[in-house]
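Asker: So for the sequence shown, our numbering puts the first residue at 18; every next one is plus one.
Keep in mind the hints are simulated off the structure, nothing from the lab.
One or more hints might be untrue.
Claimed, not checked - Cβ pair distances, simulated, as ranges:
id: 1; residue 1: Leu182; residue 2: Phe121; range: 11 to 21 Å
id: 2; residue 1: Arg98; residue 2: Ile255; range: 18 to 28 Å
id: 3; residue 1: Val49; residue 2: Phe121; range: 43 to 53 Å
Glycine included, C-beta positions come from ideal geometry on N, C-alpha and C.
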Amino acid sequence: MKLPYLCMLILMMTLATAAGADAQENTFSAGVHAGYNSYNLGQLSDFENRLSEDFNWPVPLEAVEEFPNFYSFGVSFSMRRERFKTAARYHFHSTGSRFHYADFSGETGFDTVLKANRIGFSAAFQFLRDPSPSGETRFYGGVAPGFLWGTYGLTEYVRLEESQLQDELEFTHRGVSSELFLLAERSIGRMILSLRGGYDISLYSRLYREGEEVALPGTDPGGTTGADMSGFRAGIGIEIML
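Construct the entire structure; sequences and hints are all you get.
Answerer: Here it is in structure tokens:
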């Protein structure tokens, strides 16, 4: 069985187990989350640097942006039982790059945008609890495997005084990753505020063009190309008890 489908199977089994547990012993919540992330996109960077050298222009293109750290947004549905917390989570990630050159005759360059959806589940163990009259604080450590899919789009352009040329190319990507994280929560009535930090490790990633797996020029000869989105994750969240 391929790894992405195995990940989804594990997710469905985990949610089915949670649904079958005694509801009186469980606490459920739904939340929204925002994060700030770094990404390790070495293969795509190698390809884009190679592409920038191939432009027929007097001087090489300059890198204006190369996959900067960026924000993500998501939602979750969580279940707590004793010292354990499990959750189904969805997040949307995006980043990109820009290479550009301009002089008196015109400008040329290319822009890329990488978009990724991540769906998965998390399992965390509570290792510290601080109850107080104003609200309870809990600390967890956990793991969050997930399945990623999205697009990698590239737009090349040449803009001269009397003409403009533009070409667009789009790839799809799929992958599997697993995040190791620490989580701090503060309960205030039915509301839960959270801070989360961790590192997401890409376990598998592939790039596709029209359904066929591809290796981009400038990457490892004879190998494959992927959108390795490994990196640090930091986030905040608000959940409401159901």
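Asker: Work down the list of hints and note, for each, if the structure agrees.
Answerer: Verification of the supplied hints:
1. Leu182 / Phe121: 11 to 21 Å: With Cβ atoms ~18 Å apart, the hint holds.
2. Arg98 / Ile255: 18 to 28 Å: Given about 21 Å between the Cβ atoms, the range holds.
3. Val49 / Phe121: 43 to 53 Å: holds, 49 Å
Checked against the numbered hints above, the structure violates none of them.
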